[in-house]
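Number of protein chains: 4
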Amino acid sequence: MPSGYFSFKNDYAEAAHPAVLEALCRDTTTQEPGYGEDSASVGAAEALLQASGLTRGEVHFIAGGTLTNLVVAAAFLKPYESIIAAESGHICLHEAGAIEAIGHKVHHVPQVNGKVTAEQVLKIVTTHTDEHMVRPRLVYISQSTELGSVYSRAELEALSQVCRQSGLILYVDGARLGSALVSAASDTTLPELAKLVDVFYVGGTKNGALFGEALVIKDPSPEHHFRYHLKQRGALLAKGRAIGAQFEALLSDGVWLTLARHANTMAARLATGISRAGHRFAYEPVTNQIFPILPTALVQQLEQRFGFYRWGQESGGAVTIRLVTSWATSEEAVDLFVSAVG
Amino acid sequence: MPSGYFSFKNDYAEAAHPAVLEALCRDTTTQEPGYGEDSASVGAAEALLQASGLTRGEVHFIAGGTLTNLVVAAAFLKPYESIIAAESGHICLHEAGAIEAIGHKVHHVPQVNGKVTAEQVLKIVTTHTDEHMVRPRLVYISQSTELGSVYSRAELEALSQVCRQSGLILYVDGARLGSALVSAASDTTLPELAKLVDVFYVGGTKNGALFGEALVIKDPSPEHHFRYHLKQRGALLAKGRAIGAQFEALLSDGVWLTLARHANTMAARLATGISRAGHRFAYEPVTNQIFPILPTALVQQLEQRFGFYRWGQESGGAVTIRLVTSWATSEEAVDLFVSAVG
Amino acid sequence: MPSGYFSFKNDYAEAAHPAVLEALCRDTTTQEPGYGEDSASVGAAEALLQASGLTRGEVHFIAGGTLTNLVVAAAFLKPYESIIAAESGHICLHEAGAIEAIGHKVHHVPQVNGKVTAEQVLKIVTTHTDEHMVRPRLVYISQSTELGSVYSRAELEALSQVCRQSGLILYVDGARLGSALVSAASDTTLPELAKLVDVFYVGGTKNGALFGEALVIKDPSPEHHFRYHLKQRGALLAKGRAIGAQFEALLSDGVWLTLARHANTMAARLATGISRAGHRFAYEPVTNQIFPILPTALVQQLEQRFGFYRWGQESGGAVTIRLVTSWATSEEAVDLFVSAVG
Amino acid sequence: MPSGYFSFKNDYAEAAHPAVLEALCRDTTTQEPGYGEDSASVGAAEALLQASGLTRGEVHFIAGGTLTNLVVAAAFLKPYESIIAAESGHICLHEAGAIEAIGHKVHHVPQVNGKVTAEQVLKIVTTHTDEHMVRPRLVYISQSTELGSVYSRAELEALSQVCRQSGLILYVDGARLGSALVSAASDTTLPELAKLVDVFYVGGTKNGALFGEALVIKDPSPEHHFRYHLKQRGALLAKGRAIGAQFEALLSDGVWLTLARHANTMAARLATGISRAGHRFAYEPVTNQIFPILPTALVQQLEQRFGFYRWGQESGGAVTIRLVTSWATSEEAVDLFVSAVG
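Residue numbers (this note's numbering), protein chains in the order written: chain Z, 2 to 343; chain W, 2 to 343; chain B, 2 to 343; chain S, 2 to 343.
Honestly, I wouldn't trust all of these hints.
Put simply, identical chains are the same to the list, so a pair is met inside one copy or across any two.
To be verified - Subject to a maximum C-alpha distance of 27 Å in a straight line, what follows is the list of computed DSS-like cross-link-like pairs (lysine-lysine): (1) 196 / 124; (2) 219 / 10; (3) 196 / 219; (4) 10 / 196; (5) 10 / 79; (6) 10 / 124; (7) 219 / 79.
None of these hints come from the bench; they were simulated from the model. Quick caveat, the model's predicted, so the values are computed rather than measured.
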């Protein structure tokens, strides 16, 4: 990329946080069992359960988010069961039909600020009543959402309640869970979230890891045999230590939350600058993804020096763009962007 | 594990070779495109094509072997098409039905020293002739095989010929391709192998990488859209650089072959010692997996100090065990084992 | 069912038209080849191609509509390819996720009078552009639609054009194709429709057959091997003559159109009576499915004597119901219903 | 086919027994609920449970054998679970990979007179022990087998015992169950068989029906939702009465056993004649499929006047052929064949 050019396209453009890499390079000649039974994975799993306020549960480390989502679908759904998700959800749009390739329908419900509501879930459940239709079984939510928003505790409670009443599994795609938890817009801690949902993952890839996500299954049935599903979908890494060690580092002293806080701070700094320059946002900027609405001419200028995605065409010649910050975003890059906007 | 204990269970018990880790830790704050379009992946792909004597072709970096195999099946087979493999093949036994989960039958043919023969392939093809049966489309071979053996050039040529005559794809699972290429039993170079087959992968996980395999598609059709398949199966890593960088290191100055040579040398040292102690082998020891036949009492003793798998019960109270060496196996460990046998 | 009770729930409540049953009972001891290669199937296939104005093409006889739709999906789509359909389409709602179970996403687009528009198709195509998303490949339309409406020639031409420009297959679920073709609202003949689309089926089950649909593939590739897909999905009936004979009877002298015309006439008679009684319709009644909007109290009364589905709750205490007529509906039953409404 | 030509290729060359057709043509204008809830299906289900000596259980009527087998696999297996079957089993060879297309591995075990043994099952179970391998879950047997043989009660008891001990489902493909039950080689009644197995189907297609199989699930879990699986795989016929009525006719006064007895008698008459002419059999002829070994020259002569399949090439210029008789085979046809052999 050209010098002086900075990309706000995503939160995985840099490699990994030094603490993560250091962990990967430690004890490299110690022999460890394969397939997630190494000491680093065991330690990281315990640390994650503890951070989640859980006294039992299974933790599995998986290379990426799409792989995690599809194994969850394979493991928790019978062939005729379906998933409810916001139309803006990652599984709806940006996983190349991975869930359907496993055999399951995803109900796309209209997103409400990037979210699914309890009412929407209930409506799908009550209109799918016999064997000519699929049977809804899992509600997929992203925290933070693909539009940068955050489910409030009240929203999570409402979803949790409707799921329990209707026999649905509530699953959180936490690719950016760190960013959600430390957002000023959030009123939920990790243990509180863990209490309300059934299965969730803590994302590493988009929060300073080289790769890897940590999936938590709160109440594993002895019959669910999750490792068979992992193996069958190619998700059981031989050197499981490669993810375990990264999560040990991220979970130690809350490094993952520190990194997420940095990303959010940089996004807020961007948002403040853009706002001061007189521009509005398509969605309230509260995490590390923000969506300013800028004049087309300005967007074209910015594209010379910065990387970002055009998200949508607005009326009146304006464009919504998406800016994403990460653990590695510098104040300098942010300030350069703000100056360019101002 | 207890001090003084050494595992010969597999070739992925240690983390990764220092050159690999160093590459992972280099340029970590440089922003790179995601999903395998980073400069490291591009560079490693070029290096691999060159090492394979190919002037064109696609290279894809995938986190593990099972994932690689299942994406290949998804991409190259129509729903009614099947795979021919030796019953001892990894996809037949140790991938939890990953190929079938994608929808395809695998014909298990009796292994001949761990291999499939051209005659076996031809027989399957000629007996599957109408729409009541599946249609064989891909021949899966492992080089080296799961029994440590190596296909000779003549064997590869025969398979190649029958595949071309019958419209079959010849695919090499190269989880241990390095070990095969540097084996004294091999008479085939990488470019020679690449010429005879259609698709193959060079394994990293079992040859010094932290994780990752490099898949080579020699003659990609513009219609095959392999990246869609990768994404759909969760095999498109966001930070593709994490595998690209490792392969850049492994391919530089033939590091991967040096590591494989070390593993083979250690296996040969083990074999020589075991042989001198008067024991035979179930399969000729030529790569980094060897299969001595030892008295049960001796095996029980060895199990106190060394890790390995019992492979099969022989008549007369003997047991075939599997010993695997790696890039990280030390002469000390080998010599301790040999003393314990002798 | 109680005497005097008549069901307008569907068009498959009666067994089969006498001409169909007679054909099934003819030449029953003649030995015929199995799996659709019998003389009745061959004859019916020729008759259908001729009626469609086609000089080439494949015809396959399949036991039911869902089975037909899923085999078409299996045969024509690669794993990452998707289907575009109106949200009211049969594959979206009433096939229990059969298409997704085969591995493919269905884009549900908002129905416009039960139909998909060319603009909607184009929008899906132009927003699905890379390997993170599925790749639209087939447009599914029902003629007549699930809401009783009929695509006009202009609408079909527009769809046909967008499909050809974008490399999409245009597929017609013709479960009620007879009813569409003979509708006063239709300006398209079967040969005209066959010219504009790629694959379509003529429904038997809902038009006087005991069971069975006739699928026409206009331009079969020598590589598509459709019979393999049929066999693999359990859709290749051993005694293919059982469907072939029925279609021979239905296609002879246009019996199928005569039966459809009767069903439409009965629906029109119902609609006229209901309309005269002062009630409106949710969708214009033009085929054998009509959707009057009636007061709740009246609906409750009618439910004592007639079978039908409540389709939707309207504001102001009214209910939309669905009434379906068939080849077997009598004027008496219609007139009883009309009296009960009036 | 040429006059005077008679086919012994299969047992589905003729249409259907008159009693079956008569039932199809009865009460055709009575309105009935769809999808297997009609009175004929309900009546036939009760009759079948009673004939099986079962006081509870579910019966489902499905259009064909492959469809039945694949729905059973879809409904009873989790993604990582597999089926054990004899290599000569219909699902192994002649269903175009239908089970694998649903996602499941089939272990092909060497056939012993067309059968699987309890020892073979136990061996597969005890060697599949962790998540790197599939998990055996269902044993598939055909009664009678594809080689015309019949499991004895002792064999069924041994299989039943090993299945119960190992948590496996014992499933009987009864495409030719009638022929088995009335075979002189059988020492098992239908209630006795029903007691020993978990799921079985009674074949109609190959025993006088126009099409259709009757699946019995002895101990349906309230959670298994079998009708969802039927619908999703296209196996829920709208006019379920079309199969229900046939089975009412077949089950009335044991018509199905009478038809099977005729087929067996014709096969025995063939076998006796062939045997008297000095020829041997590849498998003992005990049901309606027999496998004489004849000189090639004789086979070539016979092929001029009779239809049958060459089953295998024997040493010494002989050929094993398969002859199949049905409910419709005449003594004349049999005697013509015998004369031609003699």
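How do residue 196 and residue 124 come out at 27 Å by Cα distance, when the copy is not named: within, between, both, or neither? Answer is within: at 24 Å inside a copy they meet the 27 Å cutoff, but 41 Å across does not.
First find the shortest C-alpha distance between residue 219 and residue 10 inside one copy, then the shortest across copies, and answer within, between, both or neither for a cut-off of 27 Å. Neither: 34 Å inside a copy, 32 Å across copies.
Up to 27 Å between alpha-carbons, please classify residue 10 paired with residue 124: within, between, both or neither. This pair counts as between: shortest inter-copy Cα distance 24 Å, intra-copy 36 Å.
With identical chains, the pair residue 196 and residue 219 could be close in the same copy or across copies; at 27 Å between alpha carbons, which is it: within, between, both, or neither? Intra 9 Å, inter 40 Å, cutoff 27 Å: intra-copy only.
For residue 10 and residue 196, with the copy left unspecified, which applies at a CA distance of at most 27 Å: within, between, both, or neither? neither (33 Å within a copy, 40 Å between copies)
Should residue 219 paired with residue 79 be assigned to within, between, both, or neither, using CA atoms and 27 Å as the limit? both (19 Å within a copy, 21 Å between copies)
Given a CA cutoff of 27 Å, do residue 10 and residue 79 count as a within-copy pair, a between-copy pair, both, or neither? neither (37 Å within a copy, 30 Å between copies)
The structure fails to meet hints 2, 4 and 5 from the earlier list, while all remaining hints are met.
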